[in-house]
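Fit the two chains together into the complex; they arrive one by one in their own frames, and the hints show the way.
Residue numbers (the numbering used here), protein chains in the order written: chain A, 1 to 1045; chain B, 1 to 148.
Calculated directly from the structure, the hints in this document are not laboratory data. You may find that some hints are simply not true.
[What the hints assert, rightly or not] Facing chain A, according to a computed beta carbon distance under 7 Å, are these residues of chain B, among others: (1) Thr14; (2) Thr38; (3) Lys53; (4) Glu82; (5) Phe109; (6) Thr130; (7) Asn131; (8) Pro138; (9) Met145.
[As the list claims (entries may be wrong)] Within a straight-line C-alpha distance of at most 16 Å, the following computed EDC-like cross-link-like pairs (lysine to aspartate or glutamate) qualify: (10) Lys983(A) to Glu1044(A); (11) Lys336(A) to Asp300(A); (12) Lys53(B) to Glu422(A); (13) Lys390(A) to Glu45(B); (14) Lys358(A) to Glu73(B); (15) Lys212(A) to Asp175(A); (16) Lys390(A) to Glu51(B); (17) Lys53(B) to Glu423(A); (18) Lys56(B) to Glu422(A); (19) Lys421(A) to Asp34(B); (20) Lys258(A) to Glu301(A); (21) Lys412(A) to Asp383(A); (22) Lys234(A) to Glu73(B); (23) Lys330(A) to Glu293(A); (24) Lys27(B) to Glu45(B); (25) Lys349(A) to Glu45(B); (26) Lys44(B) to Asp386(A); (27) Lys857(A) to Glu889(A); (28) Lys37(B) to Glu422(A); (29) Lys943(A) to Asp846(A).
Everything numeric in this text was worked out from a predicted model, so none of it was measured. The C-beta atom is built at its ideal place from N, Cα and C for all residues, glycine as well.
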Amino acid sequence: MSDIVEKTLTALPGLFLQHQAAGGSGVPRVSVSSRLGSLIRSITALTSKHEEEKLIQQELASLKATVAAPNTTLRLMKECMVRLIYCEMLGYESSFGYIHAIKLAQQGNLLEKRVGYLAVSLFLHENHELLLLLVNTVVKDLQSTNLVEVCMALTIVSQIFPREMIPAVLPLIEDKLQHSKEIIRRKAVQALYKFHLIAPNQVQHIHVKFRKALCDRDVGVMAASLHIYLRMIKENPSAYKDLTGSFVTILKQVVGGKLPVDFNYHSVPAPWLQIQLLRILGLLGKDDPRTSELTYDVLDESLRRAELSHNITYAILFECVHTIYTIYPKPELLEKAARCIGKFVLSPKINLKYLGLKALTYVIQQDPNLALQHQMTIIECLDHPDPIIKRETLELLYRITNAQNVSVIVQKMLEYLQQSKEEYIIISLVGKIAELAEKYAPGNEWFIQTMNAVFSVGGDVMHPDIPNNFLRLLAEGFDDENEDKQLRLYAVQSYLSLLEIENALYPQRFLQVMSWVDASLSFLDGFVAEGLDQGAAPYKPHHQRQEEKLSQGKVLNFEPYGLSFSSTMSSSGCTGRQSPAGISLSSDVSGNSAETGQKETNSLKLEGVKKLWGKEGYLPKKENKAGSSPELQPIAQDSTLVENVDQMIMKKDQSQALHHSEEEAEKQRLASTLFVGLGSESAVSLLGKTDTVSHKFRRKSKINDTKNREVTSTHNINCSSFSPLSNAPYEDNDHLNSFQDKEDIGLKKCSLGSEFLESGLKSESLTELHLVENFSACSLSPPSLFEDNSMEIFHPPHPTLSSFANEISLTSSLLEELNEHVHSDLVELCNNEMLKVSSCKIWKDDCLLLVWLIVNKSSLELKNMNLEITSTENFKILEHPGFCFPVIEAESTKSIQHHVQMEKLFTEEDLSGCVKYKVEEDPYIQLEFSITLSLLDFIRPMKICTEDFGKLWLSFANDVKQNIKISDSQANLPFALKTLQQKLRLHIVDIIGNEGILACHLLPSVPCLLHLRAHEGMAALWFRSSCSTLPDYLLYQCQKVMEES
Amino acid sequence: MIKFFLMVNKQGQTRLSRYYEHIEINKRTILEADVIKTCLSRSKEQCSFIEYKDFKLIYRQYAALFIVVGINETENEMAVYEFIHNFVEVLDMYFSRVVSLIVKEVIMFNLDKVHIILDEMVLNGCIVETNKARILAPLLILDKMAES
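This is chain B alone, in the form it adopts within the complex (with noise of 0.2 Å):
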């Protein structure tokens, strides 16, 4: 099961958070300064998971950006690590080039549109669609009616 999956930048600002056990805010504060922490100390040779207190860390940088997937012990997690990136992919899809996006943070400015599409793909910590048409297919339809 996925607990939490979090967007966070170099600087330990979270840029996205989304829980899917209930955690009290001022817990998830905590916890992601704790878990950006963690990440920012471990090198690029190391590996991309972490055991961490009673769950798994599962995280993928991207240019400034990092992100971080909790997930407890029936998660596959090189199958949670790829999930990461297909996401970036839908994100890529959607805003076109969004790798150098990333760079500038712009999908940060967009928050509700990634929700949006994070919600499509992940429910009740399970990922549940992976397709990219499918994906996207109710935001394009949703921009579609807003321009006409």
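So here's chain A without its partners, still in its complex pose (with noise of 0.2 Å):
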């Protein structure tokens, strides 16, 4: 059989090129299965959801009994197997075949087989349980003599395998690359790649195979190993330096049209396979002159070969120019580069033109003047009909915003974000708004305006770091205390008249932001006063109600179907599309408020506001959406204008200017303001798009201001209170009372005065939180919170320093190291007759510190000692990972250091290594070793005081919170925090009451928050870091200790 088939191989290309001489058999491969044939006839014709429904589940149940039953056959099976794929693909789940599949890939012959492999790699995921029953089906088939079946065993290896059982087949595999048939040593080399992929450990030791494999003499087996080449050059090019030269002669056979005639597309040879080359290229010459100067020639000869015939030519051009600009430059070759991006964006190809944008704006930071170029097409682009090029075009303008031209680009933004609906488009665009604004605004009032659209249109979906970092911009300040105030001032300005205009709607987050900035809610000093105008009750403080309430409560109430407020309420709650769940920003800093009496009141129910201010009832939100942009413009156009009209004339022709209509003049003058400040008058501004430009509302780091810190705190008010006072005259004073009682915080803000106008930012009383007031009240200093962390003394069980001390001689210096800090144990690795290792963790404050000892125990001479780490996800050796001692002298020791960072959180994981030595002409000796790093190693306590750490608390966008049961001895909270403090190493803060907040930081500087409350044998645990996924890991690491204390 194997002979049949290996014939069949070999003879393959050959009947190909006799076209479809293979293939002929059209027919039959077209004729429909029955079954499956109906059931999508039937699916097609059906016009409803409800409909297809029904249809599939009969079929799932008529699939599941045949699939069951003893004497379905495997041919039937396999029918079955393409229907179950076919009803999972509409979405319907059918996990009672995924058995059946895989037995079908063990008994089937060899179609059935390749259809139970397949039905296999859609149904399953990478960790699901069965997949470990095809283990044994995989290692039988690879060892068929069957091509065709050691063919599916790897196809099936590279889609989907069980990572813990890669040892069962590696070897095998590892065989197939000395194949004699392309195709298995290609399939084989695909496999590794998988492997490489899922664990990238366990074909370390094979990396001189897929030497082999680039070498091979086939294209497809060649083409196979650049995948992994490309992905292990993308971690670390720097190792594979000397394989450009073998990347750059693949390259220019290719483009020298040496290979087979099929693999040209459209005449093109082998494109993805040239594209591959192009990028792996790029990644080795980037900033490294002595690499690029080798890829200069096969880049211009891929920039010439390229003949504009076929949009594949398109692709391949595209990623040369990106190779050309990511290496180190050559003038000449961007030169053509910068020629060639020209042909994407001048063609009437449209996707051609996007592909031209999204090049332009690659190089654009480094190659301003290509803007200058372009800008006529830039403009036509921004008015395109297609928004997605539009969207390509303002990202493009955004790498070259700098404080001349910032006010027309943020408006072309913000006109785009008008005409958005999608949300990932509006958090995103929002986000490149503010940070603009931030960085480059040209004065106040553009600034508040321009944020006031940001709010506005971006209140709901917009990432909370905007909203932070506004206040507390607001509330810092700069240096000048007059302009500062000048700020707060328009801030407020600004919002008392978008307030006044009528019918508008505003998210709820912007309505925080307004009332957090003018907190003494001066605005509604209006509604108060009319309101008590029309008869409302004058604010009454809350014992005053309390004993009016108990005096009424006996009194018989006559109108039993009065106006109610709460269905006001409700209904007008309704209005709003916004979710009314809190946003996380400040309020309610621990959960434990003291209205928890009161919790619906302290949920913002804002929509409810603007129906009942206008007086037509409920309005969509178009109105202000516009309201808000238009006042921007007018400052910046025209100055921007006239100043810098010069600069662009010189770079047009001014007799041709004479000619152009007056739209050609509208674009020209847009030009002009857009791209002002680049080419080479300017281009510092440009470059400098960081730095060289005075960050007017940059974050200042030093804060002097005190008196605005309070911006940040905690204001719980329910604007939906307020309008009754004028809309439901006939209400009566029982139902006042009761709204009043509710309503108590809000209104005693809207009684204090109007001074807040002039003072601009201040807030009086927070919330009976007393953490808050804690936090707030504390005087700020420069949030330097990094730097003077020296570590809390912390002991490991048995510091055991002198065990070893006396056993092997250390160098001295290394003995004052471990001195000076915390450190582990020594603990042994690995040992043979002749030499062990042994190693010690050291917990410095900035870093984690490895120290490996090498003892020669033997009375010979250790030669080419080589100490070698394995490098992984996990971790980052800040040294060259790798150690050479020409000679370790007989019974001597050396030592070792490496600097560890960690570089993806892990809870646990096992740092490996080897070391290899040789003795004398003997071959290498090697011996493997491996030490386990926890989290906790790379946690250091975070020295800040309360106040610092109410700044940070409010700053960090990422919580968890996680009640966790404690036992009799932690329900005394300092005990607890002691154990915190000890065994995770977090610094203490503060305690207050039941409540204890701790800080650390996850070396180099990820800052980590905890609040801890402790309640009736609960403790309230609360989380917050700058970082998504440390407070997870944290939380675990707390509960295990707090569970083991």
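Spelled out as structure tokens, the structure:
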């Protein structure tokens, strides 16, 4: 059988050249297998989802019976599998069939087996438990003498395979690398690529074989190895520089048409292979003049050879341009690449235009002049009917924004924003606008107006950092006290005028921003006054209301169906589409606020406000969107235009300019405002986008203004409560009172004065939450939080320096180092009769230092001693991970140190490595070792004060809360905190009543804060961090130590 | 990286789907419905590359059938766009005159074969083979075996 197969395999390319001779049996192929065919036909004919569901459920039931029946033939089983695949594709799970897919792969003849494997690869995911059942079948097929079976097994392995079973098949697959058939070698390389993806460590030792695959006489095998190389080079380009020559040679051969013609696509030789090679060369040549030098020739040739006949050539050219701009620049090549971009940008084909814009966006940071060259095209694209083109253009403009063109670019972005509905676009664009506004704002008014527009459009979806940063900026101010005041004043005034617009609806978050800024709620003064005029009851303090309530409660109420506030409120509450769920900016800091009894009033129900303020009832929220932006333009456009026209004129042929139509002139004007500050005269300002421009609205690091700090504090208001004052004059006192009761906090703020307008930002009393008060009451210090975090003394269980010190003689420097810092025991990692390797962790303040001690126990010299640490994605070794001692004398000790950083969060991971050495002229002897590192090795206390804690707390968006049970001994809060301090190295910042706050950071500087509240045998843990995953990991550690103790 | 490969007809019915990242079944159908809606909303004059959430859609229309490929930012849009066409040419070679078959959606009835072809071309989100003869070789042998 295998002979036949081999012959067929060999004959195949030939068969194909006879065009369709092999595939000639077209008719039986398209003949529709009965059951699947009818199923598809009936599904296609259906019109409703409901009918579809009914039909598929029927089908699944019948399939379930069929696959389970003992007399079902494999042939029928194969048909069933295809139908199951179809059902799952439509979204109906058919897990009952999974096991039968595995059986089919195991038992079927060739085509049945293939369908069985196919079904497995579609049904199961990488971690599915059933996958283990497939391993035996794969092993058997890999050993089969039938090449078709071997092919299938290799295919499934390269699609899906359980990581832990790799050792079972790896030797078999390595064997296949030497197979005589290219298809087997190629598929074996693909399988190894899969292993490299899911478990890079396991294939590390076969790098030599990858090289062999790269040099394979068959193009397909070589091409398959490129996937592995692309991945490895991405991770560590420096290790593969020596292969640059090989990649260049291969690309030259491909470009030069040396491959068999069947690799051509529309007469272009192996285009996807060319693209892959170009990518690799880009990675290798980046920031490396010497390697880049090797690639210049072939890149030049690629540009020249690519005749623009087909789309696919553009794909190659695009990649080529990308590579040329990625590697160390060569002016001559850059010029050619730039001309090439021109072909894209000017093409009438829209797909090419898109690519042109994308290429421009990439290269423009290096060469701003390119933007000038193509400015008119860019302007046209800005008004392109296709929103995708528009958006790509905005992306480009975003990259060239500077202080001079910021207002025009931001205006264009806002225009786009107002037309977009997709949430993802809004989030990303709003973030960019806020960033540009903060960096380059030309003035206070512009800044506030722009941010108003940002909040009104993106308020519901934007990243919480945006309002956080904005508020902090207002709060911290700048060096000029006067200007700070101006800024704040302008902000409040702009809010007042926005709120005066009738029927305008604002997102909840925007209203929150307003109310934080104008914490006095002075904008409600008018309402209160009006309400009082219309006979509403004046504000009464809480205790007074309580008394009144008690006395009224006993009086009969003769108006049972009076207009109820609650109905008004709830109906208006529904009108807003925004989720009423409060955002986590700063409200409700510890979750135990004293207002829990008034839960419903705590969440902001601001949607209601608008409806009641507008006299005509509910109105859609379109007006204000437009309303907020038009004010932005006049300032910027006109002034910058006048200043910069001259600059632009130089670039233009003046006489030509005269012939431009009105429209053209308009575009020119826009161009002059957009591209100001680019090009040679002011190239600096572009290149220095982040540095040279004065960062007017950059948050400054020093804070000297303490009186504005409360902006970030907590305010709970419920605006829906104010409207009834004017709208429901028939309300009886009883209702009003109960309503007032709820609105206690809000009204109190209303009654407080309008003097806040003058003093800018200032808030009166916060909540009753003492913790919050505590945060805001302390004075601010420069947030240089991470500089003085001297390591807290953390004693490992058994400091045993002495235990090994006498055993081996260490270098004196090491001893000093060890004594200076907290360190672990010296642990023996591996040994043989000649040598011993031990290691010790030193928990330095700023890093984890691993010290390796290599002891030569023998009386012989050890030569060429190499210590190598295996690189993994979890760790980063700051020094070179390998180390070599030419000689280690008899009975002596050497030490090596490595600074280790955590690259990817983990709880516990092994760091492994090996030592290799020679004794005299014997071959290398190798010893492997590994050491377990835990997250806690990288956690250090962060010594900050309560007030800094408060500030940080508010600035972090990622939080995790969890209640855990604690033992009696820990009910004693200080004890629980002590546990955390000792075991997790958290710094106890403060203890207030039954609450404690702690801080730590993950090296090098990722802070994490913990707020802990002990209550009735439970501890409420609340983590916040700038890193999204760190809280989860720390929570796990906390749970562990709390349970242990 | 290629995230998924879809064939969907104008009525929004999925004809083939292959995901290169694990996604739950119910989320797939939602995604597919949204993807096809997005593609249908575009005119012929508009760009064939769509920025969609945090990835991109590359699509090509053949009669009533859309082939949509989801990719991340590392992929070359035009290369994927032409890859779709290469795939169609391979189907063409195997089924003969596939373009007319697409119209009748006959390809649909050979779901397993189309998958086997695609698996030769894309693995783990990477384009691994584009040589038509080599793509079809394993499948042709299976057919030959089945006949004999």
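Results of checking the hints against the structure:
1. Because the beta carbon of Thr14(B) sits about 6 Å from the nearest beta carbon in chain A, less than 7 Å, this interface hint is met.
2. The beta carbon of Thr38(B) comes no nearer than 9 Å to any beta carbon in chain A, farther than 7 Å, and the hint placing it at the interface is violated.
3. Interface restraint check for Lys53(B): the shortest CB-CB distance to chain A comes to about 5 Å, inside 7 Å, so the restraint holds.
4. A distance limit of 7 Å between C-beta atoms decides the matter here; for Glu82(B) the minimum to chain A is near 5 Å, and the interface restraint holds.
5. With 7 Å as the threshold, the beta carbon of Phe109(B) comes within range of chain A, its nearest partner Cβ sitting at about 4 Å, so the hint holds.
6. With 7 Å as the threshold, the beta carbon of Thr130(B) comes within range of chain A, its nearest partner Cβ sitting at about 5 Å, so the hint holds.
7. Interface restraint check: Asn131(B) against chain A, minimum CB-CB distance 5 Å, threshold 7 Å, status holds.
8. Restraint check, Pro138(B) versus chain A: the minimum CB separation of about 6 Å is within 7 Å; hint holds.
9. Taking 7 Å as the C-beta contact cut-off toward chain A, the hint placing Met145(B) at the interface holds, the least distance being around 5 Å.
10. For the hint pairing Lys983(A) with Glu1044(A), the CA-to-CA distance comes to about 11 Å; that is within 16 Å, so the pair holds.
11. Of the supplied pair hints, the one linking Lys336(A) and Asp300(A) holds, its CA atoms being roughly 8 Å apart against a limit of 16 Å.
12. Taking the CA atoms of Lys53(B) and Glu422(A), the gap is near 9 Å; set against the 16 Å cutoff, the hint holds.
13. The hinted pair formed by Lys390(A) and Glu45(B) meets the criterion: a straight-line CA distance of about 14 Å does not exceed 16 Å.
14. This hinted pair checks out: Lys358(A) and Glu73(B) have alpha carbons roughly 11 Å apart, not beyond 16 Å.
15. In summary, the hint linking Lys212(A) to Asp175(A) is supported, as the alpha carbons are separated by about 13 Å, within the 16 Å threshold.
16. Distance restraint check for Lys390(A) and Glu51(B): the Cα-Cα separation of roughly 12 Å lies within the 16 Å cut-off, and the hinted pair is therefore satisfied.
17. A C-alpha spacing of about 8 Å is found between Lys53(B) and Glu423(A), which places the hinted pair at or below 16 Å, so the restraint holds.
18. With a C-alpha separation of about 14 Å, the suggested pairing of Lys56(B) with Glu422(A) holds against the 16 Å cut-off.
19. Of the pairs offered as hints, the one joining Lys421(A) and Asp34(B) holds, with about 14 Å between alpha carbons and a cut-off of 16 Å not exceeded.
20. This hinted pair checks out: Lys258(A) and Glu301(A) have alpha carbons roughly 14 Å apart, not beyond 16 Å.
21. Of the supplied pair hints, the one linking Lys412(A) and Asp383(A) holds, its CA atoms being roughly 10 Å apart against a limit of 16 Å.
22. A C-alpha spacing of about 15 Å is found between Lys234(A) and Glu73(B), which places the hinted pair at or below 16 Å, so the restraint holds.
23. Among the hinted pairs, Lys330(A) with Glu293(A) is consistent with the structure: their alpha-carbon atoms are about 9 Å apart, no more than 16 Å.
24. About 30 Å separates the Cα atoms of Lys27(B) and Glu45(B), which puts this hinted pair outside 16 Å; it is violated.
25. Taken as a hint, the Lys349(A) and Glu45(B) pair is honoured in the structure, with Cα atoms around 9 Å apart against an allowance of 16 Å.
26. Distance check on the hinted pair: Lys44(B) and Asp386(A) sit about 11 Å apart at the alpha-carbon level, within 16 Å; holds.
27. Proposed proximity of Lys857(A) and Glu889(A) is supported: the alpha carbons are some 10 Å apart, at most 16 Å.
28. A C-alpha spacing of about 13 Å is found between Lys37(B) and Glu422(A), which places the hinted pair at or below 16 Å, so the restraint holds.
29. Simply put, Lys943(A) and Asp846(A) have alpha-carbon atoms about 13 Å apart, close enough for the 16 Å limit, and the pair holds.
The earlier numbered hints that this structure contradicts are 2, 24.
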